[in-house]
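Please model the entire structure based on the sequences and the hints provided.
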Amino acid sequence: MILLPLIAGLLLQQLPKNNPNGIWESDSGTQYELRLNGADLQVKLVPGSNQKFLQYEVNLKNQEEINTYKGAGFFVAKMESGKECKFDTEWQFVVVSPERIIGGATTVIADKETCRVREKNQTQLDLKRKH
Numbered sequence: 022m023i024l025l026p027l028i029a030g031l032l033l034q035q036l037p038k039n040n041p042n043g044i045w046e047s048d049s050g051t052q053y054e055l056r057l058n059g060a061d062l063q064v065k066l067v068p069g070s071n072q073k074f075l076q077y078e079v080n081l082k083n084q085e086e087i088n089t090y091k092g093a094g095f096f097v098a099k100m101e102s103g104k105e106c107k108f109d110t111e112w113q114f115v116v117v118s119p120e121r122i123i124g125g126a127t128t129v130i131a132d133k134e135t136c137r138v139r140e141k142n143q144t145q146l147d148l149k150r151k152h
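Each position in the sequence shown, counted from 1, maps to that position plus 21 in our numbering.
Calculated directly from the structure, the hints in this document are not laboratory data. All values derive from a computational prediction rather than experimental measurement. Don't take every hint at face value.
As the list claims (entries may be wrong) - Keeping only pairs whose Cα atoms sit at most 20 Å apart, straight-line, the calculated PhoX-like set for lysine-lysine is:
{"no.": "1", "residue 1": "Lys149", "residue 2": "Lys91"}
{"no.": "2", "residue 1": "Lys65", "residue 2": "Lys149"}
{"no.": "3", "residue 1": "Lys133", "residue 2": "Lys107"}
{"no.": "4", "residue 1": "Lys65", "residue 2": "Lys82"}
{"no.": "5", "residue 1": "Lys151", "residue 2": "Lys99"}
{"no.": "6", "residue 1": "Lys65", "residue 2": "Lys99"}
{"no.": "7", "residue 1": "Lys104", "residue 2": "Lys73"}
{"no.": "8", "residue 1": "Lys73", "residue 2": "Lys133"}
{"no.": "9", "residue 1": "Lys38", "residue 2": "Lys151"}
{"no.": "10", "residue 1": "Lys91", "residue 2": "Lys38"}
{"no.": "11", "residue 1": "Lys133", "residue 2": "Lys99"}
{"no.": "12", "residue 1": "Lys82", "residue 2": "Lys38"}
{"no.": "13", "residue 1": "Lys73", "residue 2": "Lys91"}
{"no.": "14", "residue 1": "Lys107", "residue 2": "Lys141"}
{"no.": "15", "residue 1": "Lys38", "residue 2": "Lys149"}
{"no.": "16", "residue 1": "Lys91", "residue 2": "Lys65"}
{"no.": "17", "residue 1": "Lys91", "residue 2": "Lys141"}
{"no.": "18", "residue 1": "Lys151", "residue 2": "Lys65"}
{"no.": "19", "residue 1": "Lys104", "residue 2": "Lys149"}
{"no.": "20", "residue 1": "Lys133", "residue 2": "Lys65"}
{"no.": "21", "residue 1": "Lys73", "residue 2": "Lys38"}
{"no.": "22", "residue 1": "Lys141", "residue 2": "Lys73"}
This is the structure we're talking about:
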């Protein structure tokens, strides 16, 4: 029975705050720069890290749970037709360790000529800190 208070004590310990500042990379090689200012976290695409995305900006807020962020923004994609289209996106993620972010983001399937959104989907975010 001595283990029960020990386990309860470990569960009640505050989780460490993980610093999200820096360059993070997806499995596809796309890089994002994250900058935390108080409770506000700004995400921007590192120029040239993805040929399809020309611009990507998301503004997130720290949520009640530590290391958890949620927000919205936009991205500009170069379509197969060469046309540039701007779309809204929403992100939500957790900085699970100093080296990893896991969460989700909205993506779209759009008409390559008109930019009209045909379908919105949720995609998994799995970012690793770039050194």
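Hints and how they fare:
Simply put, Lys149 and Lys91 have alpha-carbon atoms about 18 Å apart, close enough for the 20 Å limit, and the pair holds. Between the alpha carbons of Lys65 and Lys149 the distance comes to roughly 15 Å, so the proposed pair stays at or under 20 Å and holds. Note on Lys133 and Lys107: the hinted pairing holds, with a Cα-Cα distance of about 12 Å set against a maximum of 20 Å. Restraint check for Lys65 and Lys82: the C-alpha separation of about 15 Å stays at or below 20 Å, so the hint holds.
Taking the CA atoms of Lys151 and Lys99, the gap is near 25 Å; set against the 20 Å cutoff, the hint is violated. For the hint pairing Lys65 with Lys99, the CA-to-CA distance comes to about 17 Å; that is within 20 Å, so the pair holds. Restraint check for Lys104 and Lys73: satisfied, since their Cα atoms lie roughly 11 Å apart, inside the 20 Å limit. Of the pairs offered as hints, the one joining Lys73 and Lys133 holds, with about 12 Å between alpha carbons and a cut-off of 20 Å not exceeded.
Of the pairs offered as hints, the one joining Lys38 and Lys151 holds, with about 19 Å between alpha carbons and a cut-off of 20 Å not exceeded. For a cut-off of 20 Å, the pair hint linking Lys91 to Lys38 stands: about 16 Å separates their Cα positions. Of the supplied pair hints, the one linking Lys133 and Lys99 holds, its CA atoms being roughly 9 Å apart against a limit of 20 Å. A threshold of 20 Å between alpha carbons decides the hint, and for Lys82 with Lys38 the separation of about 15 Å falls inside it, so the pair holds.
The suggested pairing of Lys73 with Lys91 is violated, with an alpha-carbon distance near 24 Å, which exceeds 20 Å. For a cut-off of 20 Å, the pair hint linking Lys107 to Lys141 stands: about 14 Å separates their Cα positions. With a C-alpha separation of about 17 Å, the suggested pair Lys38 and Lys149 falls inside the 20 Å cut-off, and the hint holds. Of the pairs offered as hints, the one joining Lys91 and Lys65 holds, with about 15 Å between alpha carbons and a cut-off of 20 Å not exceeded.
For a cut-off of 20 Å, the pair hint linking Lys91 to Lys141 stands: about 18 Å separates their Cα positions. Straight-line distance between C-alpha atoms of Lys151 and Lys65 comes to about 14 Å, which keeps the hinted pair within the 20 Å bound. For the proposed pair Lys104 and Lys149, the alpha carbon gap of about 31 Å is over 20 Å, so the pair is violated. At most 20 Å may separate the alpha-carbon atoms for a hinted pair to count; Lys133 and Lys65 exceed this at roughly 24 Å.
Among the hinted pairs, Lys73 with Lys38 is inconsistent with the structure: their alpha-carbon atoms are about 33 Å apart, more than 20 Å. This hinted pair checks out: Lys141 and Lys73 have alpha carbons roughly 18 Å apart, not beyond 20 Å.
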